[in-house]
Amino acid sequence: MPDSPLDVIACRQEQSRQLQSLFGSPIQMTAPCVFVYGHSATGKTLVLRSLLQKLTHIFVNCVECYSARLLFQRVLNELSGHVPSAANDFTSYSRCDNTNDFVRILKHLMQQKRLAGTLYLVLQKAERLRDMEANLLPALLRLQHLTGENVCVILESEIVWNKFWCGTGFQDPIIIHFPEYSKDELLEIMLSSSALDGEYSSELKESYCNLVISVFHTACRNLRELQHMAQLNFPKYVEPIVTGEVQEDDVRKLWRNVEPHLKRALQTVYLHEISSSQWERMQAEKSEEKAPPSALSSRVSMELPYYSKFLLIAAYLASYNPSKSDRRFFSKNAGRINKRTVMNVDKKSERTSSQMLGPKSFGLDRLMAIFYSIVEEKVAPSAYIFSQMTSLVNLGLMTRISVSDSLESPKFKCLVSLDMIRAVAKNVSFDVVRYLYDFVG
Amino acid sequence: LGVNLPDHEGLFCDLENLLRDEVSPHVAVLRSKDCANTRNAVSSCVTQLMDTQMMSPKRKAEENMPSSPRKSPRKSHKKTPMKSPRKACSSAPIKSLNSPVKNQTCCKPLVIVFEDLESFPAHVLQDFVAICSNHLDDLPIVLIFGIATVVTAVHRLLPHEFSSLLCMEKFQAPPATQCLNELIDQVLLTPSVAFRLSGRVFRLFTQLFLYHDFSTVSFIRAFKFAMLEHFSQSPASILCQSHDVNSKLESFSSSELDEIRSLPSFRRYVEGKPPMEQIKLLEDDDHAKAIISKMLSDLTDYHTSYFPILRCLHALTTKLPSQPMGKHLREIYAMNLSADMGSIDDYTEAISFSKALCRDELAGVIHKCCDYLDNNDIPESLHPFKDELNSYLELLNMIQGKPKNPQDGHGHPQKGTLKSLAFSHQLIFIQTLQENRKKKMTAYESLRNDVVQFLDTNFRYSILPLHLPLLEIQYYNKAGFLRHHLNASPRACIQSALTDPYQYTQNSALKCADGVISPALPDLCIVYLLHSECGRLINLYDWLQVCCSHCFLLSFSYFHIFLVFRKHSRFIRAVSELQFLGFVKPTKRKTDHVARLTWGGC
Amino acid sequence: MEEDFISSVQTLLRQRLCGKCHNQLRFRENEIKQLHDLVHRTATVGESNSLLVIGPRGSGKSTLLEGVLDDLTNEKDVTGNILVVRLNGLLQTDDKIALAEITRQLQLEAESEGKAFGSFAENLQFLLEALRSGSDRKSRSLVFVLDEFDLFAHHRNQTLLYNLFDVAQSAQAPICVIGLTVRMDVLELLEKRVKSRFSHRFIHLLPTYEFKEYLEIAQDVLTLPQDFASKKLVGDWNKSAQEFMQDSSVIDVLQQIFYLDKSIQHLYQLLMIPVCKLNAEHTKLLASDLYASFKILHKDDKAAMLQGVSILELTLVLAMKHLNEVYDGEPFNFEMVFSVYKKFTQRAALQSFQKAVVIKAFEHLCSLEIVRAAESSTSRTQREFRALRLMADSSQIMEAVKRYPACPNELKHWSTTPMLTL
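From first to last, the protein sequence lines are chains A, B and C. To convert, count from 1 in the first sequence and add 395; that's this note's numbering. To convert, count from 1 in the second sequence and add 128; that's this note's numbering. To convert, count from 1 in the third sequence and add 26; that's this note's numbering.
Hints may be right or wrong, so weigh each one.
Unchecked claim - Straight-line Cα separation of at most 16 Å, EDC-like style, residue types lysine to aspartate or glutamate; simulated pairs:
| id | chain 1 | residue 1 | chain 2 | residue 2 |
| --- | --- | --- | --- | --- |
| 1 | A | Lys502 | C | Glu127 |
| 2 | A | Lys558 | C | Asp327 |
| 3 | A | Lys558 | C | Asp326 |
| 4 | A | Lys502 | A | Glu528 |
| 5 | A | Lys558 | C | Asp419 |
| 6 | C | Lys122 | A | Glu583 |
| 7 | A | Lys558 | C | Glu395 |
Rather than coming from a laboratory, the hints here were simulated on the basis of the structure. A quick note: this is a predicted structure, and the numbers were derived from the prediction, not measured.
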């Protein structure tokens, strides 16, 4: 098979060969179902696409086709070459509401078209199939049996096959695993596909990629992320070369130059918060002012009206402090409780710290009581205050947990993290930590 | 009603139109309330896009419900904290959106705007992003997320597998306070708008804004409301408009004039006059009209010079350490409106601070002031002020070179000696230092004192809005009334209605002394008053007894079984009304008891 | 020649392994005969019957039935006298669809079109009537094959089953209902009125064969019929297949499989991969291929996935494992994992990451379903506090840590020591 794509796809020869041999020549029967799994960005789709290029195949994404009906219609449309358009009023090939119809029409279509070879049906993100009708997955697994035609269903997923077991009628597929790339493989792929711009020698690129991989590897093995990072930081790497300070082969100097940038990037892996242009801008600013925390603080700073901030703080306190402790924190003449230290020794060791377990719910009354005691001036309980509550709920900072029909005593929960509440409290110069049970005690 | 929500809508409307005009005709705006599940989100998005596509059918559109194909190479992400003001903010995103657009010239990107990201159900968003990323190859798609809180909201809603599909870019709209400043700047701090808010009202408005909702929309609404009140309540307010004042004044009847005469500031003015003049003013309509019209034009003149000077003051005080008069122009303005400038501690403090400014800063301040004065077409009256300032600036620049020499001459040997001198000699050193100071004073510091003195007198002279007569015509002053209308407090209303029904019904029979429960009150009020004396749990039977003894005293003389039933039913009805109003609720803890829902004492 | 031969062999074997050819089952003579007799009687004598074939997955139920039906249609006195309706519980998910499908398979759409039926029974009755009137002879016999029989029992009121059994029992028309199922307790699923109409005839297809017989089955599948091609080639192939089957490592592998899962389907699947590997250069089945196939099919995929995660994620998995041990399988949440993680990185002086990054890594684990929410419907709580359970076994984790390329020593050490003693 000289023209096979086997060797085109770097580092995936083994898997390609397996699949290729399973597919065989078009007229031969194929295993009814193949399950392909592996981490994201391990070349699953790439391999399948290139192998199936010349074969009759249909790719369907199960996220997109969120119901069985859409899935069926999609398959049938593709198979029949039917395109919904304005001309036919965006209808699909034929009505297909259930698995029974699907199998029948599929069979009919295949006989009608006299397909020479196997029809490959690739279902991406197959884990979604589990959420659809219970019979769908088993039926797809047995599609060959049910239609009596040469159909091969290929499921593609990031989840292991065991997790698909549910219900009845399963037929085990042949399972092909795509392992994560090793470091060397990553390097090879990044070099071959690298989108690093500029005219630089391959040695330079290689040493750069090596660098990126070694820095990021502990946190991230995802090829796509690594490529993203490599691309982001490359301009920085070659900057000294462009300005003529450093020769291309002086790897050590280049490394020293780019190291801080990579380190910083490492702290924001996965976040994808900025586009490349902004990243450059930010890097430039940073190197000037040397103020790395600025990026972080801006992530948690939030703009809210003055009382909303206090409401939020009150909600946070109500969520994380046991209501028993309210008296201690908020009553004006609270004597420091002597037993405190005793109490805390065993408290600490338990896993019941609310910082660990998350927020508890509180009633509106309690919230308002805390609110009034932390706001210094007098605030009338006006409609504004209450409308701020709903706004906070809308913004996802608080959530309402009680049943919606109990009007009189709604219960809430605060959904804000400690970092954020700290930032908010700092903004209104309120020492929130002093009021937190877990920290005071 | 709610934090920042009203402003958002307008903002996104603007954004959408702008996008349509400048970036791409394919814009879909999704709101969380339309998108309870993926199906709704996709279909609403497709329908919106299809509408525009019908007009330009260059691409095969997809079928309505199912596979919705769209994708974008890069998604951008817009951060809109709270509200943002008009054009200023929307143009920022546009610019950066443009760059991806240019990359794919083939077809215009589909722009999908998520108006209120936080309220979208997470799974819908996840699916939507995943679907979008599927079609990235065929279609350029840009997603715009409107986030009111913080960027981390994106991460909260989109776990790793989905967020990794995004390439985000942040755009931050200016904070709400900035919009407010701009608004105040343009509307209130200009002489051209004659309607003004008094100190208390102004303070009320800004407080509503800052403390409660951050909504410029509602700020404007409140402003309009105040305006409406002002013009409808006082006839004199017609003089507020600056043009045509005289002819309007002519048409005033004497009763209307009397109203003006009864304005406190006019009275104050009159009292300051000799008795002859007083009588003339009060009796002779024509004379009064002439005076009034002069007063009005004075008022206008005053305002034209007032605002530039206020800005100068602002320029000066923001430079000072700890900013005794606040950071923003509006703070100074509010301060000004509520009290006499000379009597404000902060002001005196500010002036004394400014006497310690270093040269560069002072020059900067003066420069800035001059800029203000140059930019605006200032009234005649301010020309001397400006000229004076300019000359000070020149003087300052002149000294710039000069004082250095004496300073250097003295300073260097001093420093040299400092190092070599023994500890015991320090006293002498300090003395020389002080002398040195006095000398310097002669050069720069005296000039500085002059400048500050000059500014101070000018400020004191021209920033005195409280003393002009006829102020009421332009200033709206009923803060209490506004508070009542704008800052609704439903609970307080109900409670006052229940405790003191006279206030609402104006029925004098219901008037009652404090603490006495009169039987004439409606049943509901009696029941409420009694309940507010009880603890957390109320025994219904006791309640009924007390109730009977209090209110139905009269009927007891009959002692008829029928009446007993009637009392019972009246009581029960009042209690259920109370429950309906949310003051009590049935409890399961004890039979025949109800629980109170309000805190004691209120 | 040789090449063609090999590829045609492969084609045939593939067909066999996919269950396309119904070669007769060995060691099932009794069952075949029983089934054959039953259907035969229905076809010739017009006797109504019902029967359940019960056997685990891959035990050859369908093969048995299809084989019998094939045979029967070739018999003279049966051909033309029998109509087979095949239903599958996976496809006909409710009685309405099932009825439409029956109509379609009996080609009675034209007759039933435009008629409104009051009840399911009426409709079925009509179909039977239509059949009877369609042929001049007395009614032809119907054979209903209900695959995944248990799923039909979940239909509302079990109307279909009731009516079919009712017809069979009351002998209104010659009909034979054959259900195929894996559930031994399928009778319990039936309503009383349905159960009482069932004839309680069963065929149990249990894999009772011994390993020796198992080997013979495998041998059979791989053996070519004599008339397949030239004698020499067939002989050569069969000989090589025999050698293959006698290879001790092959027997070894098959034995392992046999103890795991006796089903023939599984065997077929195992053989599929070596058969697929046949090509011009590779003309024989090799023991090593079979072994590789065994490896593929019985890989511990969770451990394999764990090996693919990054060090950061692996550390989190270990932290969760420790949490699991300390709290005895109680659910935990991200905050706890994070605090353990922080302690570990501090003590081991490893590079530690910010919370935002760790959360992303953690989410990755969640999406791999290595971690799973302990209770459903948690959309309202913050992600950090959602109660979670670790879905991987501690031995799998250990395996992954052991095999992980370039795993830091601290991590290895930590994986074996209790959490708190580090």
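Hint check results:
1. Lys502/A <-> Glu127/C: holds (14 Å)
2. Lys558/A <-> Asp327/C: holds (11 Å)
3. Lys558/A <-> Asp326/C: holds (13 Å)
4. Lys502/A <-> Glu528/A: violated (21 Å)
5. Lys558/A <-> Asp419/C: holds (14 Å)
6. Lys122/C <-> Glu583/A: violated (58 Å)
7. Lys558/A <-> Glu395/C: Holds - the C-alpha atoms of Glu395/C and Lys558/A are around 8 Å apart, at most 16 Å.
In terms of the numbered hints stated before, the structure departs from hints 4, 6, listed from lowest to highest.
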